[in-house]
Amino acid sequence: MTTNRQSAATRETYGRTLLTMAEEHPDIVVLGGDLNVSTFVHLWRDQYPDRFFDFGPAEQNIVGVAAGLAAAGKIPFVSTFSVFGTGRPYDQLRVLVSQPSLNVKLVCTHAGILTGEDGMSAHSIEDLSLMCALPSFSVVTPADAPETEQVIRAVATTQGPVYVRLPRAATPIVHADSYRFRMGKGEVMREGSDVSIIACGSLVAPALDAADNLSGQGVQARVINLHTLAPADEAAIIAAAQETGAIVTAEEHYVHGGLGSVVAGVVARNQPVPVEMVALHGYTSSGPANELMVKNGLTADGVEQAALRAIKRKR
Amino acid sequence: MAVVTQPMLTVEEMRAAALESRREILKMIFDAGSGHTGGSLSEIDILIALYFGVLRYDPDAPDWPERDRFILSKGHASPGFYVTLARAGYFPSSELSSYRKTDGLLQGHAHPITPGVEMNSGSLGMGLSFALGHALAARLDGRKYRVFALLGDGECQEGEVWEAAMSAAHHGADNLTAIIDRNRIQNDRFTDEVMTLEPLADRWRDFGWNVISCDGHEHADVLHALSAAADGGPTVIIADTVKGKGVSFMENNPGFHGRAPTADEYEAALKELA
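Line by line, the protein sequences give chains A and B.
Residue 1 is where the first sequence starts when you use the numbering used here, and the numbers rise one by one after that.
Residue 1001 is where the second sequence starts when you use the numbering used here, and the numbers rise one by one after that.
The following block holds chain B by itself, in its conformation from the complex:
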């Protein structure tokens, strides 16, 4: 029988872990020479709260059948995911240097060859359907695990997200929680310029979901939302975030959605994250 070995962190410890994670994210992307910076920095506080405050898992037994499932639907933001998995003990931190490298453990977009990664990713809109599959399997098997899917806000422009939303409510997936990293920027530019998402909460509500809003950078607030989502889902948490959070010149800058920092930018960023 697998045992949940992961210790919880206090909110203060989460803050410290997030700061260190931000440095690790930038190092990974800088070393690789490519990768998605902005979305990794916007999601990292949500991931820290999930992995060190909510999820039940055993990094030594990634396939433990009773584990809670976390599915990264916005799979391009893999650096934030990888530093969190390493911190949780799924693989040594030294593996972070294999990101995007030939024969490395850490693929450009998250892939299940990496311990702790549930779903192959890189094409947007798929994670909520996949998460619903896990949620329905829990019901069929009489298991108590929860299923979480993290989506980008731009990703909600994919039709499949709404197919999945409609069907999760129809099939009563009360163990399913979607989290939207609402950083208001997508690949090209601000989401409102590309395709209007508002009223986002009403749209989810109209599809039969409970809706909770939170500050996606305040760990206590994220924890509170995740806890509230445990009852009577499906529930979506719309987490207000800032793309590029933590580095002044990356924050709210669409230019940092999908590119690595230059050497000068990397150095300047590390100073801000000291």
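In isolation and in its complexed conformation, chain A is listed as follows:
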């Protein structure tokens, strides 16, 4: 069973949210790299040209300039595609931003494999691992448009470097307008005692669908939206391990270094229980995004099967 939900492109929400903050936060400046229509910061560029800088596809320089702007008291938002904004300027992110903990906001779109047809080089499946390895960075993966809006507002007012991961495709809306995002605090979206499904980004909606399906089989699954990977909500993860005894992680990312690794680390250090990981196990090919998700098991059915495996492994 799959719940019908409205969808919205979170990158458009990002661009529109930024615009609404311009007057209130005069120190916000936006830096782009010739992908500004795709990342939706062209909205800002057109309205606040004096507070916008295009550097072309020169990501090392973009991050370096952003670090200088941040050191001078500005709040720079850097936006490009995830594959270009994380790997290419990684040394600049490490030396100029993370080590001195400068207030740079890296908001990347086209993350994960929802770039589909563009193929392997356009699929960003390592970015969470890269960014979680930088000690000063907060790492946030919003699940939908309402959450993205709140994440962007929180990011602008939180001191320190942040990486925000957004996909290209429209993603299902799983939050009501009354939802309140809290940085670093996992959101329990559904209570359950048999297994916990900890998901982020595009896998939150499939996780909720999987929990519905499991409920029909008498299995009560807790669903946690772990939007913030760093700093991770260790208390929510430990509670899930203690109270449900089995965990599934679900993410549109390589199995190493992302959500699964974060959760497994917390579980292993505190409360060892079986952990199953729904994630990519390597690169994947060109193809329509939904077909690639199915091919790689990043579906409600994939999460459901993983939950049943995790429960079977309980002692």
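Derived by calculation from the structure, the hints in this document are not laboratory data.
Simulated pairs of lysine to aspartate or glutamate, DMTMM-like, Cα-Cα distance not exceeding 25 Å: (1) A/K295 / A/D212; (2) B/K1144 / A/D54; (3) A/K312 / A/D194; (4) B/K1144 / A/E23; (5) B/K1144 / A/D27; (6) B/K1144 / A/D50.
Per label pair, the in silico range of CB-to-CB distance: (7) B/A1061 / A/P57: 34 to 42 Å; (8) A/H25 / B/K1271: 57 to 65 Å; (9) B/G1104 / A/G297: 50 to 58 Å; (10) A/P57 / B/G1104: 38 to 46 Å; (11) B/R1139 / A/S38: 24 to 32 Å.
Backbone N, C-alpha and C fix where the C-beta goes; we use that ideal spot for every residue, glycine too.
Got chain A sorted already, so can you dock chain B onto it with the hints?
For chain B alone, coordinates are given in the frame of chain A:
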């Protein structure tokens, strides 16, 4: 309101300060047992001219928003930077002995935990981008400060330097000055053996920069170049220098890029710098 308290030095006083700084640099590196000797000795006259003839700053208020920015992009040459910051009053000279020591104030490569250090460093090619960020912030905030970045010549082999150069000209960063410590030696050997840099001035000119050349060891010449660079930048000053300047057996010797002197070498060097 912060006040610029740093007195200017005459060219004669700069010469004396540079000589003493060279001794301090060698002592720091000798005491630490490691560090970058050659590039510290090649840059020191440029730093003295900057800090005691051009820059506006308040060592008691390192974050004074109107301060001129100096960014050491060649962050391995931190000893020359540290002795200059101490002389400028950012911290007591006694701190120089903490260089490269556990929990010391002075990191191996310059890091902003040290008062007066703007940028974390140690990976080449980043300083000009960072400096451009400060330069653009000045424009956004309506501030009048100037921004200076000191690069190594070997560092100009980094692609990011040219990304930054292209964009600084495009964005009209007229308050930005790059200085290249053109000592013709990099980590392994002479720059021309590693990767041809010439025609260096033409390359910068082609990227939309004003280019000024000077003798990087003549304080009056450096001051003149820094003053000329104030108008209509971005401007790059290519400062001709000698790696290891001041100590005969270190001069033009690639072996002293990244190593400390032995006890005998240290003693011999101090005699030459008396």
